[in-house]
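S.K.: Hey, can you work out the whole structure from these sequences and the hints?
First residue of the sequence shown: 1, per the numbering used here; consecutive thereafter.
I should point out that these hints are in silico values taken from the structure, not numbers from a laboratory.
We put the CB at the ideal spot given by N, CA and C, even for glycine.
Among the hints, erroneous ones may be present.
Stated by the list, open to error - Restraint-style ranges between C-beta atoms, simulated for each label pair:
(1) A30 / Q4: 30 to 36 Å
(2) L36 / R15: 31 to 37 Å
(3) R35 / R13: 32 to 38 Å
(4) A6 / L36: 28 to 34 Å
(5) P37 / A6: 30 to 36 Å
(6) N2 / D33: 27 to 33 Å
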Amino acid sequence: MNTQRALSDEQERLRIEGLRTLARIIARRALADSRLPSGPASDRRGDGTQRERVRRDRSA
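M.R.: Written out as structure tokens, the structure reads:
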């Protein structure tokens with residue numbers, strides 16, 4: 001038997017505010033990514049920076 005308690009008005013307001021903030025962050029990131037010049041998927045900038053970062057992360 002799965003029961004859920006209702007959120008208070010303040011908790012619901014904070015939940016909605018948090019979801020809106022998260023949506024803004026996701027939208028900004030998506031827009032920023034769409035403005036990058038297109039190139040190879042693994043290395044969008046073409047300067048090796050992303051590829052080097054992945055190598056460092058994997059070696060740690």
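S.K.: So, for every hint listed, does it hold in this structure?
M.R.: Outcome of the hint check:
no. : hint                  : in the structure
1   : A30 / Q4: 30 to 36 Å  : holds (32 Å)
2   : L36 / R15: 31 to 37 Å : holds (33 Å)
3   : R35 / R13: 32 to 38 Å : holds (33 Å)
4   : A6 / L36: 28 to 34 Å  : violated (44 Å)
5   : P37 / A6: 30 to 36 Å  : violated (49 Å)
6   : N2 / D33: 27 to 33 Å  : violated (38 Å)
Taken one by one, the earlier hints fail for this structure at numbers 4, 5 and 6, listed in ascending order.
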